[in-house]
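Asker: Going down the list, the protein sequences come from chains A and B.
Per the numbering used here, the very first residue in the first sequence carries number 1; after that it's consecutive.
Per the numbering used here, the very first residue in the second sequence carries number 1001; after that it's consecutive.
Hints may be right or wrong, so weigh each one.
As the list claims (entries may be wrong) - Derived, one-sided and incomplete: chain B residues facing chain A with beta-carbon distance under 8 Å:
#1 Asp1080
#2 Gly1146
#3 Ser1152
Just so you know, these hints were derived from the structure itself, not from any lab.
The structure presented is a predicted model; accordingly, all values stated were derived computationally and were not measured.
Built from N, CA and C at the ideal position, the CB exists for glycine as well.
The lines below spell out each chain.
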Amino acid sequence: MTRPVLFVGLLCASLHAAVVGAAPTAHDAWIPLGPPGSTTLAGYLTLRNTDATATALVAVSSPEFARVELHRTEQDGDSVRMRPVLRLEIPAQASVELAPGGAHLMLFAPRATLAAGQRVTLTLRFADGMTLTVAAEVRDPRSTAADHHQHHAATD
Amino acid sequence: MTPRRIAAFTLIAALAAGSGYLFGQKLARTAGAELQTVTRLPGTRALPAVTLDLGDRKFLLADLGGRWTVLFFGFTHCPDLCPATLALLARAVATLPEAQRPRVLLISVDPERDAQPKVAAFARWFAPEFLGATSTELPALAAALGAPYARSTTSDGYTMDHSGALFLLDQSGRFAAVATPPLDSDKLAADLAVLVAAP
Chain A
1 MTRPVLFVGL
11 LCASLHAAVV
21 GAAPTAHDAW
31 IPLGPPGSTT
41 LAGYLTLRNT
51 DATATALVAV
61 SSPEFARVEL
71 HRTEQDGDSV
81 RMRPVLRLEI
91 PAQASVELAP
101 GGAHLMLFAP
111 RATLAAGQRV
121 TLTLRFADGM
131 TLTVAAEVRD
141 PRSTAADHHQ
151 HHAATD
Chain B
1001 MTPRRIAAFT
1011 LIAALAAGSG
1021 YLFGQKLART
1031 AGAELQTVTR
1041 LPGTRALPAV
1051 TLDLGDRKFL
1061 LADLGGRWTV
1071 LFFGFTHCPD
1081 LCPATLALLA
1091 RAVATLPEAQ
1101 RPRVLLISVD
1111 PERDAQPKVA
1121 AFARWFAPEF
1131 LGATSTELPA
1141 LAAALGAPYA
1151 RSTTSDGYTM
1161 DHSGALFLLD
1171 QSGRFAAVAT
1181 PPLDSDKLAA
1191 DLAVLVAAP
């Protein structure tokens, strides 16, 4: 009795995934405040893809910034380099962390001065065309609270 | 040897090996665990007489002394690694008593965009005592510490590739230790406390 129900359920789930898919969810999105006059800020968050299909983050925009790009800071021998990435792969049923010293958002030309505690809207667009709107919290990176948030994000 | 003697001998040998192993582990802990993220150089090194510009004063890299110094190479247009490292350093240094805090010095690898006052303001934002310097002898300075940097063209200008390491100079101003990323503020704070407390 339960088997046909389960089968139908699985079929629906797979059809749903194949036809509609599920956008990844975003967690702990934050933007560290920079020194006054900073023209570029970084943005961090964790993306969780619960779907059985891999996807990729391909574009980000924000009404608070003129332009947003995806970048990755990577170690190259003794040197560290930062390069733009066109898409950030998010494997099926996996989490990808955008964190200091790794993959991150580059937020160019803030339209107004930001303050700690403020929330900034980010619109994330994925490879399948789906979008996700996220409220990123502006945090003061000098405070220990920011550190705890980072630790939390790393172990979340 | 009788089987019983062999068994007894084996047991004693195993116990001896076990305690020796445990003793070795304890030694390794006391000798090696004192620093968690900072690596001491095999020996300290003198630094060349390279001039650093701190705005109101100029001084020689070789003359940094009196207390520990943490050097970091970065630039003010750096949005990820430099602010993250300076913020982490600010949090780590703040855990030390004021009298023991090392001098923290950001040296710009981007002389074209970073005039000294700009570097100083950038560093100071993270902690009021942080210093920002430029140097007209940057290549010699970076080479002395083994800190590579290079300009890299981007679609709308350029960025700087640079070392993400912290370079630590002891009280005598000699290059003594390094810490390479990924850095952790708690471990760095613990290591700085060990280093500054050493006689």
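Asker: Would you settle whether the hint for serine 1152 (chain B) is holds or violated, based on the nearest Cβ-Cβ distance to chain A being less than 8 Å?
Answerer: Holds. Min distance 7 Å.
Asker: So, as I understand it, the hint says aspartate 1080 (chain B) touches chain A; can you test that by seeing if any CB pair is closer than 8 Å?
Answerer: Holds - the Cβ of aspartate 1080 (chain B) comes within 8 Å of chain A, reaching about 5 Å at its closest.
Asker: The hint names glycine 1146 (chain B) as touching chain A; please verify it with the least Cβ-Cβ distance against 8 Å.
Answerer: At about 7 Å, which falls below the 8 Å cut-off, the nearest Cβ of chain A leaves the hint on glycine 1146 (chain B) intact, so it holds.
In summary, the structure agrees with every hint in the numbered list given earlier.
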